[in-house]
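*Asks:* Each chain is listed here by its residues.
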Amino acid sequence: MFAALVPAFGVTGSVTQLYREHERQLAQEWRVQAEIARRAGDRDGAVHALQSALRFSPGDATYTFALARALLEAGRTVEARAYFRTLWEREPGSGPVNIELGRIGAREGDTTDAMRYYHNAIEGSWREEPETNRRLARLELARYLVRQGDFTRAHAELIPLAADLPENISTTIEVGNLLLAADAPDRARTVFESGLKRQRRNSALLAGAGEAAFQLRDYAAAAAYFARARAAGEDSESGREHAAIATEVLRGDPFQRRLRAAERARRARQAYDRSLARLDQCPPAEAFREQLDAMRPRVTLRALQRDSEIVEEVMDLSYRIVLAVGDRCGPVTPADEALLLIGRQHFEP
Amino acid sequence: VTTRLRQLRLPELPEAHLFLLLALLIGIFAGLAVVCFRVAIEWSRLALLGSALEPAWYRALLVPAISGLVIAAIVQLIFPTARGSGVNQTKAAMYVYDGFIPFRTVVGKFVTAAMAIGSGHSLGPEDPSLQVGAGLASVFGRKLGLSRDRIRLIAPVGAAAGLAAAFNAPITAVLFVIEEVIGTWSAVALGAIIVSAVSGAVVSQWFLGDQPLFRATAYHLSEPTELLLYAALGLIGGAASLAFVKLVLPVRARLLALPTWTRYVQPAVAGLLIGVIALRAPQVMSAGYEFIDAAMHDQYTWSFLALLAVLKIVATGLSFTSGTPGGLFAPTLFIGAMVGGAVAGLGRLVLGDLAGSTGAYALIGMGTLFAGILRAPITSVFMIIEVSGSYSIVLPVMISNTIAYLISRRFQRHSIFDVLGEQDGIVLPSMEEQRESAVPHIEDAMEPPAGAIDAAVTVDAALERADAESREWFLLNLLSGKWVIAPVAGMRELQAEGKGALSIGSAMGLATPLPVLYADQRLDTALELIADHPVLPIVHRANRRQLIGIISLAHILASYRRGK
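Protein chains in written order, with our numbering: chain A, 1 to 349; chain B, 350 to 913.
Simulated from the structure, these hints should not be mistaken for lab results. Values in this document were obtained by computation on a predicted structure and should not be read as measured data. Hints may contain errors.
[Claimed, not checked] One side of the interface only, derived from the structure: several residues of chain B facing chain A at Cβ under 7 angstroms: (1) Leu374; (2) Leu381; (3) Asp647.
[Stated by the list, open to error] A partial selection of chain A residues facing chain B, derived with a Cβ cut-off under 8 angstroms: (4) Leu5; (5) Gly45; (6) His48; (7) Glu79; (8) Gln270.
[Stated by the list, open to error] What follows is a set of in silico ranges between Cβ atoms, one per label pair, in the way DEER data are often shown: (9) Leu5/A <-> Ile727/B: 29 to 37 angstroms; (10) His22/A <-> Val600/B: 33 to 41 angstroms; (11) Gly774/B <-> Glu35/A: 39 to 47 angstroms; (12) Arg762/B <-> Glu35/A: 36 to 44 angstroms; (13) Ile36/A <-> Arg762/B: 53 to 61 angstroms; (14) Gln554/B <-> Val32/A: 29 to 37 angstroms; (15) Arg453/B <-> Val32/A: 40 to 48 angstroms; (16) Ala588/B <-> Glu35/A: 41 to 49 angstroms; (17) Arg20/A <-> Ser535/B: 50 to 58 angstroms.
Quick reminder that beta carbons are idealized off the backbone N, C-alpha and C, glycines included.
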């Protein structure tokens, strides 16, 4: 029996070796099939091929990962998560696995899971370009949190990103835009302006800086940035609109410093006329019209030059009329929007 | 080389030691055979069904039927003993054929089961592996000229090795063989069975790796109320077990009653029907471990899992009743995993989020169906613990398995293996009945202590008492704690010799001590020891000088009569 052990081991070893080799070959063939299917847009075919590959190479992390990705692309999230979880249990610190689980959590609106796995990915191990991948993971998480309207947590992700921006200007632009979307225009402006130090004529940076300045009510800077952005080729609708509003604010604000009295009076009169015109466009609001009519004798250029309180009264009434009419009659012109912003800045600081 | 090997011959070993060494070698050889068997299954599956996870429709439809024809011809013409799963055949070898399993059966089982499972018949490789291991052990035992008793024991030793190598779970293999094949905890066999199971599993892992057949998921019980859902799993699992057994047994009996020529086509017809099922659910083909894994990892909806459970019951019923060689072990686990997964999915739908994962329910479902169909309750619990590597799972497993086992017992009196044996014309001992039969004990037959006498009493005094009590003997308690029979006739002789003043202890002290008994011993022990003694003393275990009863042959017989 002892003597028979040697040939028995030899035969079994050869048989299993031969079979293992065949299995490896089949696994590779199915992997290639999966890639062909994926490129042809046949997502189910890719999944099927990878499942077959995995049958011959069970536990292979590369095939498992590829299968999980393919399942995700085919919309089979539950199965994909099961495979990613299996990989995660084997290597909880894997950056690529954690980011995929984070994406699944984000896709399903499960903020706890998304936060947990994205943070694992940020702190996890990456075989290639670890810094870039960690930054991208954080950026993805910030994007998700902004989408969810969770600005406080979004700030916690965006602030470290803003503090360590790469040379790549597109990341700077995205971080700036996310900060804008997360209601942090001051930080956004800093990010855009830091980018402008490297690329002075980058239209997206200029537009972003303009938008940040606009939200910060620095209309002079906003108008200047928007003008430079337009000159650099930026032509977005919101950019044009905000540029026009900023220009109107600069042209129509009677409370600007160092304005001559005549100019202040002209701007107040202009606001009075504008609110009157808005009332004509919209179904009459009798209370406002009576107030305008009562004020009319006092709204002369001379009176407005002489008495700054009349300017205050005119602007207050005009602001309230534009606000009320805007609510009832929908969109307003840039001039009306400017009047609103002037009123908001002055009466609701 | 042969000369050198002869020079290295082992010294003469006692048979018990040789038996252990043989168990080790049997484990290794059985492990090697099972590795080759599993590779053979995979090769035949690749050749017959292709390498895709789910075979092309025409292969799924035709291959089981065509291979069924070929397998039937091989079984009927060359290997008639290769039919069935292998568990009963191993039991028959042990209890009926003095441990004899022909090598031809081993080869036949290997070839036909590999073809059947590889071609998609809904059967598993574990039971055939068990028989292959037992067969190899039997061949080696005979070659080495072991005694008849040892050869009879060697078959289960090989069976454990084969099962351990196939399922990669030595504890499960040991328990299954003890619970289902041997039926008792035999100290002689236990050591050898453990040694062979471990060596079989090690060899299997050496060649095939330690990858489990399916990836068990973590188990966690946070809400004790979830145990109710596991109890529900026990109920549903018990019903599914009954459905399977009630399908298999009558259908098999009817098919066996058909003319012999139909056995050439039964596997083909079964294969064709399985092919039709496979067009909708190819997962039911073969053992299906990869799909158990998929079910455990949330890859199917609960309704599809329920459908798979039903279809697998039908497919396995078809394959098994048609006499196609292959095992019930893997299909049982498959059905259990699907039932467990479906219960988890349904529970989630009705009750909301559950703490237990689908994988945990599927795992417990496997144990539940194992307890319900194969009626090996201890194995079913330890199998899940061994496969999951978690002891905390034991509570829900025990709840679910016990319920399923009791339901199965309530509605199906005899276990599936017992009935299968009867259908094959061999009445094998029922392990279940053996475990549960009420064994009479000495305390059931003994009488109150009578006739005891102290060693210090004189012969004259003892004779006076004998006359008063009309007694022919006394039970004499010596100071050493030994008991002897003091016959009254002998005392009279001593009195006649003028030794009436001597104490009985000094006069009778050289008599042969009686064997003593304890009240908790089995009654047959008393029968073995009583010989020609009029009575035997039953003493207290903590004080052998304290007589708590006596027993005679008449008492023993009276007790057996009462028992009937």
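*Asks:* Run every hint past the structure and note whether it holds.
*Replies:* Okay, the hints, checked on the actual structure:
For Leu374/B, the interface hint holds, the least distance from its beta-carbon to any beta-carbon of chain A being 5 angstroms, beneath 7 angstroms. Checking Leu381/B against chain A: minimum C-beta separation of about 5 angstroms stays under 7 angstroms; hint holds. Hint status for Asp647/B: holds, given a least beta-carbon distance of 5 angstroms to chain A, under 7 angstroms. Against a cut-off of 8 angstroms between C-beta atoms, the interface hint on Leu5/A holds, since the closest Cβ of chain B lies about 7 angstroms away.
The interface hint given for Gly45/A is violated, since its Cβ lies 11 angstroms from the closest Cβ of chain B, which is over the 8 angstroms cut-off. Restraint check, His48/A versus chain B: the minimum CB separation of about 7 angstroms is within 8 angstroms; hint holds. The beta carbon of Glu79/A comes within 5 angstroms of a beta carbon in chain B, closer than 8 angstroms, and the hint placing it at the interface holds. The interface hint given for Gln270/A is violated, since its Cβ lies 62 angstroms from the closest Cβ of chain B, which is over the 8 angstroms cut-off.
As the Cβ distance of Leu5/A to Ile727/B is approximately 34 angstroms, the hint placing it in 29 to 37 angstroms holds. Taken as a hint, the range 33 to 41 angstroms holds for the pair His22/A and Val600/B, whose Cβ atoms sit roughly 38 angstroms apart. One distance hint, 39 to 47 angstroms for the beta-carbon pair Gly774/B and Glu35/A, is violated here, with the actual separation near 58 angstroms. The hinted window of 36 to 44 angstroms between Arg762/B and Glu35/A is violated, with their beta carbons roughly 58 angstroms apart.
Checked against the hint of 53 to 61 angstroms, the C-beta distance between Ile36/A and Arg762/B comes to roughly 58 angstroms, which is consistent with it. As the Cβ distance of Gln554/B to Val32/A is approximately 31 angstroms, the hint placing it in 29 to 37 angstroms holds. Against the hinted window of 40 to 48 angstroms, the Cβ-Cβ separation of Arg453/B and Val32/A comes to about 45 angstroms, which satisfies the hint. For the hinted restraint 41 to 49 angstroms between Ala588/B and Glu35/A, the CB-CB distance of approximately 46 angstroms keeps it satisfied.
For the pair Arg20/A and Ser535/B, the beta carbons lie near 39 angstroms from each other, so the given range of 50 to 58 angstroms is not met.
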